[in-house]
Each structure stands twice: as structure tokens, then as C-alpha cells.
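These are the residues of each chain, in order.
Protein chains: 6
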Amino acid sequence: MALVKLIEYADAGPEVRAVYDDIMKTRNVDWINNFWKAIANDPKTLKRTWESVKEVMTPGALDARTKELIYLAVSVTNNCEYCIVSHMAGARKAGATDAMLAELMAVVGMANETNRLVNGWRVEVDEKLQKAARGG
Amino acid sequence: MALVKLIEYADAGPEVRAVYDDIMKTRNVDWINNFWKAIANDPKTLKRTWESVKEVMTPGALDARTKELIYLAVSVTNNCEYCIVSHMAGARKAGATDAMLAELMAVVGMANETNRLVNGWRVEVDEKLQKAARGG
Amino acid sequence: MALVKLIEYADAGPEVRAVYDDIMKTRNVDWINNFWKAIANDPKTLKRTWESVKEVMTPGALDARTKELIYLAVSVTNNCEYCIVSHMAGARKAGATDAMLAELMAVVGMANETNRLVNGWRVEVDEKLQKAARGG
Amino acid sequence: MALVKLIEYADAGPEVRAVYDDIMKTRNVDWINNFWKAIANDPKTLKRTWESVKEVMTPGALDARTKELIYLAVSVTNNCEYCIVSHMAGARKAGATDAMLAELMAVVGMANETNRLVNGWRVEVDEKLQKAARGG
Amino acid sequence: MALVKLIEYADAGPEVRAVYDDIMKTRNVDWINNFWKAIANDPKTLKRTWESVKEVMTPGALDARTKELIYLAVSVTNNCEYCIVSHMAGARKAGATDAMLAELMAVVGMANETNRLVNGWRVEVDEKLQKAARGG
Amino acid sequence: MALVKLIEYADAGPEVRAVYDDIMKTRNVDWINNFWKAIANDPKTLKRTWESVKEVMTPGALDARTKELIYLAVSVTNNCEYCIVSHMAGARKAGATDAMLAELMAVVGMANETNRLVNGWRVEVDEKLQKAARGG
Numbered sequence: 001m002a003l004v005k006l007i008e009y010a011d012a013g014p015e016v017r018a019v020y021d022d023i024m025k026t027r028n029v030d031w032i033n034n035f036w037k038a039i040a041n042d043p044k045t046l047k048r049t050w051e052s053v054k055e056v057m058t059p060g061a062l063d064a065r066t067k068e069l070i071y072l073a074v075s076v077t078n079n080c081e082y083c084i085v086s087h088m089a090g091a092r093k094a095g096a097t098d099a100m101l102a103e104l105m106a107v108v109g110m111a112n113e114t115n116r117l118v119n120g121w122r123v124e125v126d127e128k129l130q131k132a133a134r135g136g
Numbered sequence: 001m002a003l004v005k006l007i008e009y010a011d012a013g014p015e016v017r018a019v020y021d022d023i024m025k026t027r028n029v030d031w032i033n034n035f036w037k038a039i040a041n042d043p044k045t046l047k048r049t050w051e052s053v054k055e056v057m058t059p060g061a062l063d064a065r066t067k068e069l070i071y072l073a074v075s076v077t078n079n080c081e082y083c084i085v086s087h088m089a090g091a092r093k094a095g096a097t098d099a100m101l102a103e104l105m106a107v108v109g110m111a112n113e114t115n116r117l118v119n120g121w122r123v124e125v126d127e128k129l130q131k132a133a134r135g136g
Numbered sequence: 001m002a003l004v005k006l007i008e009y010a011d012a013g014p015e016v017r018a019v020y021d022d023i024m025k026t027r028n029v030d031w032i033n034n035f036w037k038a039i040a041n042d043p044k045t046l047k048r049t050w051e052s053v054k055e056v057m058t059p060g061a062l063d064a065r066t067k068e069l070i071y072l073a074v075s076v077t078n079n080c081e082y083c084i085v086s087h088m089a090g091a092r093k094a095g096a097t098d099a100m101l102a103e104l105m106a107v108v109g110m111a112n113e114t115n116r117l118v119n120g121w122r123v124e125v126d127e128k129l130q131k132a133a134r135g136g
Numbered sequence: 001m002a003l004v005k006l007i008e009y010a011d012a013g014p015e016v017r018a019v020y021d022d023i024m025k026t027r028n029v030d031w032i033n034n035f036w037k038a039i040a041n042d043p044k045t046l047k048r049t050w051e052s053v054k055e056v057m058t059p060g061a062l063d064a065r066t067k068e069l070i071y072l073a074v075s076v077t078n079n080c081e082y083c084i085v086s087h088m089a090g091a092r093k094a095g096a097t098d099a100m101l102a103e104l105m106a107v108v109g110m111a112n113e114t115n116r117l118v119n120g121w122r123v124e125v126d127e128k129l130q131k132a133a134r135g136g
Numbered sequence: 001m002a003l004v005k006l007i008e009y010a011d012a013g014p015e016v017r018a019v020y021d022d023i024m025k026t027r028n029v030d031w032i033n034n035f036w037k038a039i040a041n042d043p044k045t046l047k048r049t050w051e052s053v054k055e056v057m058t059p060g061a062l063d064a065r066t067k068e069l070i071y072l073a074v075s076v077t078n079n080c081e082y083c084i085v086s087h088m089a090g091a092r093k094a095g096a097t098d099a100m101l102a103e104l105m106a107v108v109g110m111a112n113e114t115n116r117l118v119n120g121w122r123v124e125v126d127e128k129l130q131k132a133a134r135g136g
Numbered sequence: 001m002a003l004v005k006l007i008e009y010a011d012a013g014p015e016v017r018a019v020y021d022d023i024m025k026t027r028n029v030d031w032i033n034n035f036w037k038a039i040a041n042d043p044k045t046l047k048r049t050w051e052s053v054k055e056v057m058t059p060g061a062l063d064a065r066t067k068e069l070i071y072l073a074v075s076v077t078n079n080c081e082y083c084i085v086s087h088m089a090g091a092r093k094a095g096a097t098d099a100m101l102a103e104l105m106a107v108v109g110m111a112n113e114t115n116r117l118v119n120g121w122r123v124e125v126d127e128k129l130q131k132a133a134r135g136g
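Protein chains in written order, with UniProt numbering: chain A, 1 to 136; chain B, 1 to 136; chain C, 1 to 136; chain D, 1 to 136; chain E, 1 to 136; chain F, 1 to 136.
Everything hinted at is true.
The list treats identical chains as interchangeable, and a pair is accepted whether it falls inside one copy or across any two copies.
Quick list of in silico lysine-lysine cross-link-like pairs, DSS-like style, CA-CA up to 25 Å:
#1 93 with 47
#2 5 with 44
#3 54 with 131
#4 93 with 128
#5 47 with 128
#6 44 with 54
#7 44 with 25
#8 25 with 128
#9 25 with 131
#10 5 with 128
#11 131 with 5
Please keep in mind that the hints were generated in silico from the structure rather than gathered at the bench.
Generate the whole structure from the sequences, applying the supplied hints.
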């Protein structure tokens, strides 16, 4: 059971309802998932978070699916169950297949492994890589 | 300065050289970056890690650029400097633009934020999302 | 179910009972929560941990509520469910309101986001900030 | 050296300058620190992040100093050097003393320790604490 | 419920069965635990992960029990429930006693605490320690 | 440069000197490393941390070398440079060889990888493992 009451549409004030309406319209769904209902106890955080997520997740230089995969990779690394489930759902909705999700997990696992091999031996950054990372 | 000596090609035994040769051939480069030189002190770990990275990062259901972006997203979340630099370089080599990298950072930041909002309020997973994540 | 048996007061030896008594007296409660019952399997760890927690959480330059909020912020960042619940309870006991907890979550989320934006771009510390942090 | 060019005021476009002006006015300072100059390469992220930080860090139910301490506690847990330095500076500006900062570090350390003792033994949440956390 | 179907031996193809057979033979058990059944949806990841785990966990300079304790220490730090349970079981099978596990938890907790005290104050590495770490 | 002044023996008060003396005597060394000099700004934290570390790291059911390896594994996972260097030095002093340290890194890397594969697929704990972990 969550540590706050979930705010249902019927019980919400106008500020919260406006955000809920925009979520449903933007995502073309007819329901609100628990994350928004939980943070709706603080309408300013609800509004700010939704507007930020909407801006960040809108397709741009990266398409919607790639963005969902990145969100999922972070959530797996942090072991956030709710975020893993919701963004795996989001990735599938944006076209991710079983094979893509399996490859994502393999990359996330490998990155978490090599991150520690590098950390452990305190490997210094190669100048060539530094330059290449900067686009030089 | 790294906590181990970096093994240069000229000083490497045949097992290490075979891996170095495969790295240079696979990536079409003529030099070895410090990460491999550090773990080459343990030739078995060098061989296993390289073969794993090669298998995982080969384009499949996900293309090379998407895999590099996922690797980078994990490395940013974990604050691994070497991995950030090397995989930002890798992402650029695979075609990532400044705009793509900027969007990646925005998504990584947002995911790390909402992961904590969810954690903090112990939000329960919606059954609909659980089903959608499973591809149901 | 925990991976160790929880040691109840009735089953505890004198060393454990002495700690339990001090916990109940210090906190003015008549029961022991599961954390202490779990680590009581190792009486030395129980005693050391309780004495450390007592020393650290006693009001000093920071009041009890601020200390509980800091404890909670760390626990949310680490996604430790038990610690989130117990220190949200502790924060409320020390006077934290719904509004304060909501603001805490917003700050924790934002800090986790900007931490990654900074990490990702490897932003160098400004000398002025370094000096100001040192109180110079 | 950061992985992006730092955008100086003199080289910034009007959208970035407007944010820089608001930062300097809001904080009553006459310079911009490197974090903003780095993310200014992506003006939308600069604007969104600044407006979010401004909203979140404005004194409300929690005062400015408590918010800075919470930000610092998260940054120490995540080992983000830039954020530690900048928010230790921010905490001092908001009145934090050496003694307060020392107590904060002690609490952060202790929380990171007990988080693992709880994780390791998989201690179950007490119903009484769950209820108290919810304000019941 | 896991986000993928668990692949039972009876339903597995020859590639997966070959890995399952090797797991059971190597570990001298007659069943397969859920981790392998989950990643078996991606036979290449199953094979690579098993062969890597087998190589890494085989006794060498470190004995089997020490390796299991190290695996457990990482899993506790990352709060990975499945891994904590499975490697605590593995540690016990390799001879770890209640007293050893209790001492492990104490060390893991203390390391997580002092890691943050060091991070928070940005303590610089002593040259003598750097040299000693390198075996000089 | 650390964010606090390092307290040298010559400048320390009697409470700090007593701890420094005990550190040098216990470890049979004639100098104090920077970690203690940094936290000595808060003598209570210095005393409590030293006494805790001394108690936890004293050989018991686990020998000194195993404890240092566990400490190192946590520090590598958390990417704490100071702690990696100091506990790699400590592990060597307690007899760890190059081969042992290389195997430790391999185990730490693998654990960080499989932790994420398990997290990502939300694999449920097997009852048999749960029972075995409890020593049943």
C-alpha cells in the first residue's frame, strides 16, 4: 500500500484534473496510472513533473522508442520496480519487441559490469577518447 | 594513475595479443584503449569481457547506436567517468549527434528523478501496466 | 519473511535486553521494531548500531526533525523500503507535516536528476564554489 | 575538461540569456556557475531545469537551509562531486555552520549503513510503522 | 510475477537444455532456479551468462566461499533481493556460518557508511596508500 | 583539495590525539591517513567511526583479509576512489595477491551484471533458495 492516498479523478480539484486530462489526451488513454495519483497530493509537483516528462519524452532527435528504452535502462540500473514495469510497457507501446528488450537487458547488465572493472582499477581516460567524446 | 600497470601490445603474451588483434580488427582501429590494457593483467577476464562485449554490442534487434546510448545512460546513472567518455565517443562514432546526446541526458535525468518519487511514496504497480509490460 | 529469526524480548539474553530497554526508554515507546529484532542475532552489531544511531540522531546543531528528513532523503535515494517507512514515521513523530514530506520528495527527485546532468557532461567545479563550500 | 563547451553570457542567444538573467536576479549574484553553462547547449533543458530548481528550492513548508541540506545528503550518497561542492556552498549561504554540516555527514553515513543492514536481512516493515508513516 | 515467462526444462529447446544440464551437473543439483529460467528466453544471454558465472565463480586464488561472500556483499549494497537470497544460500552451501554472515553484514554496512564520509568531504588519496594499493 | 582542513597530530586536541594514538598502535603504523584527519574536525564522529571500524574489522569468524576484500567489493560497487585505494592497500597488507584482487574484480563485475538481469525481469525468489538462505 502506498504511503499516500491515491487521488482519483472524481476526488481531484481543478488543477489536478487539468493535468489528468492532459495526460489522457497526450497519451490517448482513458485512465490515469498510480504514479500520477500518488504525486497529485502535491499539485505543484504533479504539474511540474508531468510537463517535464511530456517535454522530455516527446520525439525529437531521438524517437519515442529509443527514449523509452533509455528510461528503462536507468530504471533497471536503479532497481525501481514501478518504473521498470511502466517503461517496459511504454517501450512495447512504442514498438519494442521481445528481442529488443532482451538485448537491452544484456547491454544494461554488461554496462553495469564494466563500470565496476573500470572503477576498481581506476583506469585513466585516454586522450583520444576524450577528444572523440567531445566530437573533436 | 591506474592501480595496475597497463599492458602494452609490445609487452603482451600471445593470449593477450590475440584479443588485442580481435579488438582492433572488429572495431577497425589501430590502437587499444586503456580499459583493455588494464584488465589484460588477468588474461581470462580480458578474453571473457571482450567476447561478451562483442556479442552484446553487435547490432541485432537494436542497432549499434541505440546500444551505445543505452550503455551511456547506465554509465551516467552510475557516474563512471571512463565509461561515460568512452561510450559517448562510441555513440558519436555510431552516428549520435549533439542533439541526440542532449536528449539522452534529459531522459536520464528525468528517469533518475521519477525513480525516486516512486520509491519515496512506495507506489504500487498498476495491474494494467504489469500486463502491458509482459506484452499481454 | 526476513532471512533471520526476529529475536523477541522474551527470548533475548541480558545483553540484548539491555539494548532493547534503552531503545524503549530513549524513544519513550513500549515496543521494539523489526530492525532491531533482526540484527539482535548479532548482539555486538545490535549494541554498536544502537549506540551509533542514538549518538547521531540526538538533537545537536541540527534538530531531530531535520535529521529524520536527511535520513529519509538518503533512504529514498537508495530505495530502502524499510528505512523509508520507518524514517517517514520518525519524521512525522518529530513534527514533519504532509507538506514538508512532499517538498522533501521534490528536492530528492530534483537532486537525483541534476546529479546525472552534471555527471553526464563532466562539469568542472567552479573555484568560487569550492571556496564557498569550504567556508572561505 | 567538460564534455561540452561552456556557454558564456557573451556568446549566448536571447533564450539562454533570459535564463541566466533570472538565475542571477533570483540568487542575487553576478555570475553563472558552470552547471548552467554546460546544460545551456540545450536551451530547453536549461530553461526547464532552472524553472524546476527554482520552484523546488523556494522556501515553503521547508526553509531554504533544510532544502539545501537535503540536496547535499542526496549528492553525498550519489558521490556527485560538483553537486556536493555547490550545495555545500548553498547550505552555508543559507546559514549552515560547520557543526551542522558535520552532523549531516554523520546522519548520511549512518543511513547508508543501516539501509544495508535492513536490505541484507530482508527485514519486513512493521505494521505500526507503516501506519505511522502514512500519518494514521 | 516475473515480466517474462519462466522456461521450464520440458519446454526448452536443445540450446537451453544443454545449459540447464551443465548447470545441474556443475552444481550437483537436480533443479534449475528461476534466474536461469527467466533469462532463457534469450538463449544467447543464458549461455554467455552461465559460462561467465561458471568461469568467475570457480575456485582459484580465492576459494568458493570467499567468492560467494563477495557476491553477497555487492548484492546487499545494490539491494537486489533475488541475488541476496541466492548468494546467501550459495555462501552457506560453501560453508558460511551464521557468524560469518553476521560479520559480512557488519562490514558491508560500515563500508557503505565510510564511503559517504569520504565522498562528502572529498578526502584526497594519500600517496602512501596509492603506492601500497599498487603493491609498491 | 578536501572540503575541510586536515587535522594534523601536532594541531590536535587530546580527544583527537587519543584516537590517533590508538589507530597507530592498533595498526602498527607511525602515520595517520587523510580520512581520519578529515573527520577529526568532528571529534565525536572520529571516535565513533574509529571504534566501529576497529570492532568490525577485527578478525573473528572471518579473517582480516576476507573482511578487507568485502570492504573493497562494496567500495568498487559504489565507486569510492579513496576507499578503493585504501582497502586495496589493506587487502594487500593482509596478504591479498594480484591474482586474488583480479578475481575479486571479476566477481564484483559479474554480480553487478546479474543484479540487473534479475532486477530487469523481476525474477521471483525460489522457495528452495529462500529456505537455504535461512539455513533451513
